[in-house]
Every structure is written in structure tokens, then in C-alpha cells.
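Peer 1: Listed below, chain by chain, are the residues.
Number of protein chains: 2
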Amino acid sequence: MNAFDFLPQYAKMLHNLDLCLEKAIAHAKAKSFEVDTLVQARLAPDQYALDRQIQSACDSAKFSAAYLSGKQAPAHPDTEKTIAELRTRIKSCLAFLETVTAADVVGGEDRKVAPKWLGGKWVKGDQFLVQASLPNFYFHVTTAYSILRHNGVDVGKMDFMGSLPLRD
Amino acid sequence: MNAFDFLPQYAKMLHNLDLCLEKAIAHAKAKSFEVDTLVQARLAPDQYALDRQIQSACDSAKFSAAYLSGKQAPAHPDTEKTIAELRTRIKSCLAFLETVTAADVVGGEDRKVAPKWLGGKWVKGDQFLVQASLPNFYFHVTTAYSILRHNGVDVGKMDFMGSLPLRD
Chain A
1 MNAFDFLPQY AKMLHNLDLC LEKAIAHAKA KSFEVDTLVQ ARLAPDQYAL DRQIQSACDS
61 AKFSAAYLSG KQAPAHPDTE KTIAELRTRI KSCLAFLETV TAADVVGGED RKVAPKWLGG
121 KWVKGDQFLV QASLPNFYFH VTTAYSILRH NGVDVGKMDF MGSLPLRD
Chain B
169 MNAFDFLPQY AKMLHNLDLC LEKAIAHAKA KSFEVDTLVQ ARLAPDQYAL DRQIQSACDS
229 AKFSAAYLSG KQAPAHPDTE KTIAELRTRI KSCLAFLETV TAADVVGGED RKVAPKWLGG
289 KWVKGDQFLV QASLPNFYFH VTTAYSILRH NGVDVGKMDF MGSLPLRD
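As they're listed, the protein sequences go chains A and B. Under our numbering, think of the first position of the first sequence as 1, with each following residue one higher. Under our numbering, think of the first position of the second sequence as 169, with each following residue one higher.
Looking at chain A on its own, in the form it has when it is part of the complex (with noise of 0.2 Å):
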């Protein structure tokens, strides 16, 4: 098992994501409801609204991809104010993450990671990835998940989990 192993399994959730994003729409309608009012969202006031979850697991995805790798990621601003921008902005996340080939994440765990927000510390490839990468990607696809189920839309842990090879 490398890292490489992961970033399938990232463009499966945000894939996931964007269908729950789908439901949302099929929900906003049936109630006929604007369904942008639900990018602003959100299950606490000092939590981030649904557009910043959904940029958030976008990045964690992006940045983890492009860490392990070496690339560079593509720059998003954050400017995204519709349900339809967001599905934009996922669909170019998972247009990044076809460019990255296994044998760019080659050594990926052993990689010094030193994002920013490290203040110039970093941290090994594969502790990044487990500790760092992974919680803080699902943390937000399910906010993002669970936002869209208080409101009504019609989702279901499946939704979330998507398909498993299964084996006979």
C-alpha cells in the first residue's frame, strides 16, 4: 500500500460530494426553493458555511495530490457563490488529481510536507497523509454532508460511502 493508493479514493469522495450536490438541486426543486440559499449553510455560527467545507475538502484533496507528488497545484480563489460553482470547482479538483500518476507519488511518504500553515516546520510524507491529509478531508466532505441532510436533502451514508470492489 502507497499514497498513491489514496488518491483514487479522494476523487471517489468528491465525486460522492457532487452527487449529494446533485440531490440538493432535485430537493431545492421538488420544495421550490433557490438552492443556493444553502451555500451559506451551516450547522454552527462559528463553523464554516457549505461553500467553505466544499472548497476546504476540494484543497485537502488537492494540496494532499500535489504534496505527495511534487506538482503544483491549480490556484482556486475561493470565489465560488453557487451550487453550480462549487460542482465547478470539484470537477476541476478531480481534473487535477487525473494528472498525478503513480509514479509521480513515488517516495511520496518519505517527502518533507512544509505547507505554510506548518510556520516552517513539516511533516514526513505518510504521517502527513494519516494524520494530517485524511482526517481533514473526510472532516469536511462530511460537514459538507451533513449540512445538506439537516436541511431535508435526501442523503443517506451511502451517498457518502459510495460503491466497494466487491469480490464474489
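Hints should not be assumed to be uniformly reliable.
Between beta-carbon pairs, the in silico distance windows are [to be verified]:
{"hint": "1", "chain 1": "A", "residue 1": "ASP18", "chain 2": "B", "residue 2": "GLY287", "range": "26 to 32 Å"}
{"hint": "2", "chain 1": "B", "residue 1": "ALA282", "chain 2": "A", "residue 2": "GLY120", "range": "46 to 52 Å"}
{"hint": "3", "chain 1": "A", "residue 1": "ASP154", "chain 2": "B", "residue 2": "ALA263", "range": "37 to 43 Å"}
{"hint": "4", "chain 1": "A", "residue 1": "ASP46", "chain 2": "B", "residue 2": "LYS197", "range": "41 to 47 Å"}
{"hint": "5", "chain 1": "A", "residue 1": "ALA30", "chain 2": "B", "residue 2": "GLU266", "range": "48 to 54 Å"}
{"hint": "6", "chain 1": "A", "residue 1": "SER92", "chain 2": "B", "residue 2": "ALA263", "range": "40 to 46 Å"}
{"hint": "7", "chain 1": "B", "residue 1": "PRO213", "chain 2": "A", "residue 2": "GLU34", "range": "20 to 26 Å"}
{"hint": "8", "chain 1": "A", "residue 1": "HIS15", "chain 2": "B", "residue 2": "GLU202", "range": "40 to 46 Å"}
{"hint": "9", "chain 1": "A", "residue 1": "ALA102", "chain 2": "B", "residue 2": "HIS183", "range": "32 to 38 Å"}
{"hint": "10", "chain 1": "B", "residue 1": "GLU266", "chain 2": "A", "residue 2": "GLN72", "range": "39 to 45 Å"}
The hints are simulated quantities; they were obtained by calculation from the structure and are not laboratory data. Note that this is a predicted model, so its numbers are computed, not measured. Backbone N, C-alpha and C define an ideal beta-carbon position, used for all residues, glycine too.
Please arrange chain B on chain A, whose structure you already have, making use of the hints.
Peer 2: Frame of chain A; chain B shown alone:
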């Protein structure tokens, strides 16, 4: 990187969750309400309340360690009714995780993982870990955290994440 690297992370996250429950107790005391009212708090009427979120997070960690190591997980009959009992459940799960050694998990990535809910099918160990156990675990830990935060408990993302092994 192998499957064993994730076991201390399950433990770390459960420990962080326990600290969030400690904050819930402090919050209830400060606001003079009975902390166990939070046990049935939930974010949507058809979603698990806090008790089952915590039970599920514990089970996810415990069964992951059991399936990847071949060890028998301790039974927990899901009878917790109080925050104190939920904290005991977490501690019991942490104690089991402590018993699983790196040697137990050697080859865990290639094990056939066939929990009952897969209805006779199975998933390869590494795919179980990456695509089932970790997302499921983080889903429940994050939702438990969100229920607390939604109810005014003073938890922030760093309580969820815990500290990182930073290097100079």
C-alpha cells in the same frame, strides 16, 4: 506504509473524541443542563443520534483492527445511555486497539475481509481500509463532533484533529 500505520490513528481520533465529550460535560455544567440530553441529539430526524455515532465510530475502529489482524474484537451490545457510558465504550475500544501489534497486521492488506453486512462477498484488506473503514470511521467521528458543536459545545477543528508530529 502498511495497514498497521492506521491503527494508532484510529486510537488518536477516538482519544480526541473523548476529549470532545469532556468539553461537552464542561459545557453542560456551565449552562446548567443535564449532559446526557446530548446522547439523543442528532442533526436530522432520520440520522443516528450521538450515541450511535459514537458506537459506530468505536465499532469501525475495532473491526478494522480485528479484520486486518485476524484477532477477535470484543463484543459491545450497544446499551450505552449516558455520556459516561459512551466514554467507557471508547476506552474499551482503545484498550483493544492497544493489544493489536504490528506483527498481527503483517499481510493485512491482502486479507479477505468479509463482514456479515457484505452478504457473503468480500473485499481485499487494503481496499477495505481505504474505501470502507476509514471513510466510515471519519464519517461517524465527524458527525459526533458536529452534533456537539451544533449544540454549543466549544469544540474546534483542532480538537478533532489533535496534534501533528512536526519536525524542524
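Peer 1: When the hints from earlier in the document are held up against this structure, which numbers fail?
Peer 2: 4
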